[in-house]
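> Following the working numbering, the numbering of the sequence shown begins with 340 at its first residue and continues without gaps.
For the record, the hints were derived by calculation from the structure and aren't laboratory data.
Relax, there's no trap hidden among the hints.
Calculated lysine-lysine pairs in the DSBU-like style (CA-CA distance at most 30 Å, straight line):
{"no.": "1", "residue 1": "K376", "residue 2": "K392"}
{"no.": "2", "residue 1": "K392", "residue 2": "K454"}
{"no.": "3", "residue 1": "K420", "residue 2": "K444"}
{"no.": "4", "residue 1": "K431", "residue 2": "K410"}
{"no.": "5", "residue 1": "K392", "residue 2": "K375"}
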Amino acid sequence: MKILLFFSLLSSVIIYSQRRNYFVDSDKTPNCNLIKKGSFIRNEDGEGSLKVKFRKNRMTEIYGNKSIIIKSRLKMISPCKFEAEIKSIQPKPEIKDDLIYVGNKTVYEIVETGKNLIIYQYWCNEGRNICTEILEKE
340 MKILLFFSLL SSVIIYSQRR NYFVDSDKTP NCNLIKKGSF IRNEDGEGSL
390 KVKFRKNRMT EIYGNKSIII KSRLKMISPC KFEAEIKSIQ PKPEIKDDLI
440 YVGNKTVYEI VETGKNLIIY QYWCNEGRNI CTEILEKE
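Starting from the given sequences, assemble the full structure and let the hints guide the process.
Pasting the structure below:
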């Protein structure tokens with residue numbers, strides 16, 4: 340019985356330690372209500388900047404200086420997991436892109452939130468990797 344208790348305790352410690360904490364002031368459990376309405380940014384030089392707006396089950400991603408705008412419809416899978424289906428891309432791509440196109444669906448999961456940040460993950464690179472976006476509240 341003691342051995343069973345020991346392994347139960349050990350496995351719970353291992354599972355808890357796998358949770359990623361990118362920032363010290365993160366919420367203990369993610370506040371997934373932030374995606375109901377809010378604007379977030381990732382400031383980088385040039386075309387690397389990103390602005391994400393959430394409004395009424397919609398997500399708008401603005402890359403660079405409004406050089407690409409992607410509008411998606413959200414479908415909630417769980418409180419912290421949602422699927423975004425691309426509804427429009429502006430300007431229309433001149434060449435066909437197999438990764439970003441109207442109708443494409445991507446599942447995102449909010450893994451961490453804080454006072455001024457949101458962190459979500461999604462499968463990228465044709466499903467070979469998990470990408471992480473760290474965005475600051477605007």
